[in-house]
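Undergrad: Protein chains in written order, with the working numbering: chain A, 1 to 150; chain B, 1001 to 1058.
What the hints contain is simulated information worked out from the structure, not anything from laboratory work. Positions of the beta carbon are idealized from the N, C-alpha and C atoms, including for glycine. Watch out, some of these pointers could steer you wrong.
To be verified - Once the Cα atoms are required to be at most 27 Å apart in a straight line, the calculated DSS-like pairs of lysine-lysine come out as:
{"hint": "1", "chain 1": "B", "residue 1": "LYS1044", "chain 2": "A", "residue 2": "LYS77"}
{"hint": "2", "chain 1": "A", "residue 1": "LYS77", "chain 2": "A", "residue 2": "LYS8"}
{"hint": "3", "chain 1": "A", "residue 1": "LYS117", "chain 2": "B", "residue 2": "LYS1020"}
To be verified - With the Cβ distance kept under 8 Å, some of the chain B side facing chain A (calculated, not the full set):
{"hint": "4", "residue": "ARG1017"}
{"hint": "5", "residue": "PRO1028"}
{"hint": "6", "residue": "LYS1030"}
{"hint": "7", "residue": "LEU1048"}
To be verified - Listed next, with one range per pair, are the computed distances between beta-carbon atoms:
{"hint": "8", "chain 1": "B", "residue 1": "THR1013", "chain 2": "A", "residue 2": "ASN84", "range": "33 to 43 Å"}
{"hint": "9", "chain 1": "A", "residue 1": "LEU81", "chain 2": "B", "residue 2": "ARG1023", "range": "34 to 44 Å"}
{"hint": "10", "chain 1": "A", "residue 1": "SER87", "chain 2": "B", "residue 2": "PHE1006", "range": "18 to 28 Å"}
{"hint": "11", "chain 1": "B", "residue 1": "LYS1020", "chain 2": "A", "residue 2": "SER28", "range": "34 to 44 Å"}
{"hint": "12", "chain 1": "B", "residue 1": "ARG1023", "chain 2": "A", "residue 2": "ASP119", "range": "21 to 31 Å"}
{"hint": "13", "chain 1": "A", "residue 1": "GLN14", "chain 2": "B", "residue 2": "ALA1026", "range": "31 to 41 Å"}
{"hint": "14", "chain 1": "B", "residue 1": "LYS1020", "chain 2": "A", "residue 2": "ILE86", "range": "27 to 37 Å"}
{"hint": "15", "chain 1": "B", "residue 1": "LYS1030", "chain 2": "A", "residue 2": "ASN84", "range": "20 to 30 Å"}
{"hint": "16", "chain 1": "A", "residue 1": "VAL10", "chain 2": "B", "residue 2": "ALA1026", "range": "34 to 44 Å"}
{"hint": "17", "chain 1": "B", "residue 1": "ARG1052", "chain 2": "A", "residue 2": "ARG11", "range": "21 to 31 Å"}
{"hint": "18", "chain 1": "A", "residue 1": "SER149", "chain 2": "B", "residue 2": "LEU1053", "range": "32 to 42 Å"}
{"hint": "19", "chain 1": "B", "residue 1": "LYS1030", "chain 2": "A", "residue 2": "ASP135", "range": "21 to 31 Å"}
{"hint": "20", "chain 1": "B", "residue 1": "ALA1050", "chain 2": "A", "residue 2": "ASP135", "range": "41 to 51 Å"}
{"hint": "21", "chain 1": "B", "residue 1": "THR1013", "chain 2": "A", "residue 2": "ASP25", "range": "35 to 45 Å"}
Letter by letter, the chains look like this.
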Amino acid sequence: MESFLRSKSVRFEQSDVARTYLILDAASGDLLAYFSLSFKEISLEHSKISRTQVKRLDGISKNADCVRAYLIGQIGKNFTLSQNNISLKLILDEVYGVIQEARALIGSRAVILECEKNDKLIALYQANHFDILIDSDEESLVTMYTYISD
Amino acid sequence: MATTSFDKSFIVTNEERIEKFRRAAATPRKVVVKRRNYESDRSKGIQLLAQRLSSSVT
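In isolation and in its complexed conformation, chain B is listed as follows:
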């Protein structure tokens, strides 16, 4: 996956695709997600990475 997506402009000109996109907007898919504590996950993640890095150095 290229990183160009971050900088580019997304322009849709295909009328069929615009119409399908429009219809899909009216019926978004319900997604059920896990409730996460991102602050806590971040701390745990940094700890895990620190352990990994220290064990790979020694």
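Isolated chain A, as found in the complex:
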């Protein structure tokens, strides 16, 4: 967490690759959690998908085979604090707040993230309405998704 915030988050910010948000305790200024957001395309390599289905997914193009999604590229809680009660749900509420602002301007409703192949972690995201999208032997991480609206 620390190395990402100290190095990569600044570089990503400067190069417009992603935006990083810090969740601070309003009284003490302690860093409770953070997340980084970007935008990605998901390719659906499905030969049987009909044009109507693609149109429903994409919303506009009849020929698209990609879905645009918000990427939670980083999400983390500060475990170095002795008392940090922030939950994944609360962090995600802040994530969705930012995404809703972006949605109002540029659209899209899919949200994806990657997490370790850890059953407890996957179950935690599933409890927060994420589902598995990519889980293959070739990939070291599991890609999960959810769809949101306002």
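Following the hints, position chain B against chain A.
TA: Just chain B now, with coordinates in the frame of chain A:
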């Protein structure tokens, strides 16, 4: 969580998962979010961090 997510291509080939993903697109989950003033939050955040840094230096 690795930072490779920012650079990689996401390609889904599993037909069952594509179908489930497609169905989920039709029923997005309504989320209620707090309206925030991000400009104001940003200023407050920078102030808080500056206080933290100055107190940790002295």
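Undergrad: For every hint, state whether the structure bears it out.
TA: Going down the list of hints, with the structure as the test:
1. Straight-line distance between C-alpha atoms of LYS1044/B and LYS77/A comes to about 20 Å, which keeps the hinted pair within the 27 Å bound.
2. Among the hinted pairs, LYS77/A with LYS8/A is consistent with the structure: their alpha-carbon atoms are about 17 Å apart, no more than 27 Å.
3. For the suggested pair LYS117/A and LYS1020/B, the alpha carbons sit about 20 Å apart, so the restraint of at most 27 Å is met.
4. Using the Cβ-Cβ criterion of 8 Å, the hint placing ARG1017/B at the interface with chain A is satisfied: the shortest such distance is roughly 6 Å.
5. A hinted interface residue such as PRO1028/B counts as satisfied when its beta carbon comes closer than 8 Å to some beta carbon of chain A; here the least separation is about 4 Å, so the hint holds.
6. Because the beta carbon of LYS1030/B sits about 5 Å from the nearest beta carbon in chain A, less than 8 Å, this interface hint is met.
7. Given hint, LEU1048/B at the interface with chain A, holds; its Cβ is 4 Å from that chain's nearest Cβ, closer than 8 Å.
8. Between THR1013/B and ASN84/A the CB atoms are about 39 Å apart, so this pair conforms to the stated range of 33 to 43 Å.
9. As the Cβ distance of LEU81/A to ARG1023/B is approximately 40 Å, the hint placing it in 34 to 44 Å holds.
10. A beta carbon spacing of about 25 Å between SER87/A and PHE1006/B agrees with the range 18 to 28 Å that was offered as a hint.
11. For LYS1020/B and SER28/A, the hinted distance range of 34 to 44 Å is satisfied, since their beta carbons lie about 43 Å from each other.
12. Take ARG1023/B and ASP119/A: their Cβ atoms lie about 24 Å apart, and the range 21 to 31 Å holds.
13. For the pair GLN14/A and ALA1026/B, the beta carbons lie near 39 Å from each other, so the given range of 31 to 41 Å is met.
14. As the Cβ distance of LYS1020/B to ILE86/A is approximately 30 Å, the hint placing it in 27 to 37 Å holds.
15. Distance hint check for LYS1030/B and ASN84/A: the Cβ-Cβ separation is about 29 Å, which falls inside the suggested range of 20 to 30 Å.
16. For the pair VAL10/A and ALA1026/B, the beta carbons lie near 39 Å from each other, so the given range of 34 to 44 Å is met.
17. Distance hint for ARG1052/B and ARG11/A: a CB-CB separation of about 23 Å, consistent with the stated range 21 to 31 Å.
18. Taking 32 to 42 Å as the suggested C-beta distance range, the pair SER149/A and LEU1053/B conforms, at roughly 40 Å.
19. A beta carbon spacing of about 27 Å between LYS1030/B and ASP135/A agrees with the range 21 to 31 Å that was offered as a hint.
20. Between ALA1050/B and ASP135/A the beta carbon distance is about 43 Å. The supplied range of 41 to 51 Å therefore holds.
21. The hinted window of 35 to 45 Å between THR1013/B and ASP25/A holds, with their beta carbons roughly 44 Å apart.
The structure meets every hint from the earlier list without exception.
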